[in-house]
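Here the protein sequences line up with chains A and B, keeping their order.
Note that this note's numbering numbers the first sequence so that position 10 is 10, with each residue one more than the last.
Note that this note's numbering numbers the second sequence so that position 24 is 1024, with each residue one more than the last.
If you're looking for bench data, these hints aren't it; they were derived computationally from the structure.
Heads up, the beta-carbon is just placed ideally off N, CA and C, and yes, glycines get one too.
DEER-style ranges, computed between Cβ atoms:
#1 A/A276 / B/P1251: 22 to 28 Å
#2 B/S1265 / A/K193: 36 to 42 Å
#3 B/M1218 / A/Q79: 28 to 34 Å
#4 B/K1271 / A/G263: 29 to 35 Å
#5 B/P1304 / A/Q79: 49 to 55 Å
With a straight-line cut-off of 30 Å between C-alpha atoms, the simulated DSBU-like cross-links for lysine-lysine are:
#6 A/K267 / A/K193
#7 A/K229 / B/K1237
#8 B/K1219 / A/K106
#9 A/K106 / A/K129
#10 A/K68 / B/K1194
#11 A/K267 / B/K1194
#12 A/K229 / B/K1271
#13 A/K197 / A/K250
#14 A/K68 / B/K1205
#15 B/K1237 / A/K268
#16 A/K154 / A/K106
#17 A/K68 / A/K267
#18 B/K1194 / A/K129
Quick partial rundown of chain A residues pointing at chain B, CB under 10 Å, derived from the structure:
#19 S32
#20 M35
#21 L179
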Amino acid sequence: MTKQLQEKDQFSGAKRYVLDPELAKIVNISRSLEMPLLLKGEPGTGKTMLAYAIAESLHMPLIVLNVKSNMKLIEGLYQYDTLTRLNDSRFGDSTRDVSRIEDYIKMGKIGQAFTAEERTVLLIDEIDKADTDFQDDMLDVLDQMEFDIIEIDKTIRAHHRPVIIITSNAKKDLSDPFLGRCNFHHIAFPDPKMMRKIIHVHFPEIDSDLMDHAINTFYQLREIDMVEKKPATRELINWIRALSTDPDFKPKQLAKGELPYLGVLFKKSQDYQYAANQVQRKKRF
Amino acid sequence: MFVEFFYKLKDAGVPVTPTAFLTLHKALTNGLISSLSDFYTASRAILVKSERYFDLFDQIFAHYFEGAELPDMEGFELDEIAKALLDQWLTDPQSVADALGVNAADLQNLSPDELIEYFKERLKEQTERHDGGNRWIGTGGTSPVGHSGYHPGGLRVGGESRNQSAIKVANERRYKDYSRMGPLTQSSMGEALKRLRNLVPAGPKDQLNIDESIYQTMKNAGDIQIVFDRGLKDRLKVILAIDNGGYSMDPYVHVVRTLFNYARSQFKELKTYFFHNTIYDTVWEDPARYRKPKPVAEFVRNDPDTRLILVGDASMAPYELMARDGSIYVHERSGKASIEQLRFLAETFPHNAWLNPVPARMWPYTRTINAIAQIFPMYELSIDGLEQAVNQLMAA
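Next up, chain A with everything else stripped away, as it sits in the complex (with noise of 0.2 Å):
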């Protein structure tokens, strides 16, 4: 069942996207024993974009199920479009045919990840938004690698194995025998070392003077207690492109303690107020 992987097909990063080499060999294992990775870790810290990047380095495409709180398994698996049957049964002006239900079934995520020609990578997006019976009855079907279309008692089989990814963003636990089936990796925030090179990655060429106040005084911020939404790496790169486009501004400035365009940082108005108070005692030190 399982392949080596060919050294070319190993994961290693994309261009936008600043990998952690432990994170490369945790997805480079799961490719191979052919199991979900599960990725976990506060907003901000790149689990959705992971998908991407590797979508983008092994030249695979991408498929992404978004999941909704109200969400039913069977939406990601496929659709039975009965509107469209009932609409062409009526005036009968497409080249559908009626009495073929079989027409009238669409894939959902799932399905297409399932149907592609080629070797997909499958995002299952913040699967902690469902409920739990979602994600059981998930795994099993992506555990079979097949789900049945009961409208036409056909089943699907996957041509070819998907990458699956999926995230949580919950710091609940999701249940037990999900996990069983997933390899787990848990992504902290980014150290300012590695935020450099994230920022240097966005802002390739980003004046020195500006990235280093701007990180230290970044990672200021975050040291603030009693923030509801600390602010992420997101925030980070928002801020620092509002700085450089503002004419006014010179990096001097953050280290004086003149922190503007904090709204960039700070979403909540408690947390802004919170934070700008802080700012505001600390420059008077």
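Take the given structure of chain A and dock chain B to it, following the hints.
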């Protein structure tokens, strides 16, 4: 292989499963793992399914494999090999000498003991040069001494690997922050707040929405469809009483206050009071418990629908709770035992809950916790406990 490691993890409380263990072996046989750091990454991804256990895993990994960082050269193993070498030497001196790359004649005049010492020395050199190999001496499969028996050190002995040494990584304990399973911390604030958001009243759907009913009826082609709305209900009033006396409560006071302050907007009214250990005649509005006293008896004036949430470790000397003069402060001597004041509060506010930062498994060992838990439904001050407490507070 690594069965002992597996059981060490299990004993330490990391929930590992045999299936996962077999998967790890599959990864090993697939040749995916070629160094100790690979093994570290792979075994963690496969065996451990929650970041809460990463720290524990790191510690056990470091402990288990650090012993293997440098194999014990004076140990049993080396002696055995040296002895095997000696046997070999006695039957066929030439092949051993060739394997070691020395002149057989040079070794002729050594005594057996000296010979063994000499072999040991050579073996040490060999391990240092051939770290990671399974074979200790010789080339091309004609080694006079096969190093049989697996030793974890065989994976990678000492030295620096290309990447970071796995043990060093494990010893860094990068996941320490995530391992605090029990009480609420800063990092779990957002998650806790989500639980608290459920603390909103939901009336029955008993108000007829005429406009919507007409609209839906028309949409239904005249088939009457009646739409009900929820009756308007005022938001909740909440009284939060925190035990802020004593070091045991220090880490939690701030977290709990911030938590409820963030949720403040969803309450009609939030009052925070402080007490030390347990409640006697008064609680205080200021954290120093000095300036603004509030007699407990005055609570009867409050709306009985107010939700009362107490936070405290409920751990004290039994007399503080039971005796009439139990208070450690001399001015609080009304003649009512604290336990009666607590009962009075529980009767005044039927919707109540006590959050305790002490882990639930420790509760049976403290008498006062048991006594108080009989008055107030008690929950752990954790995310799950908070969720249960909110359910309890919202129950009709």
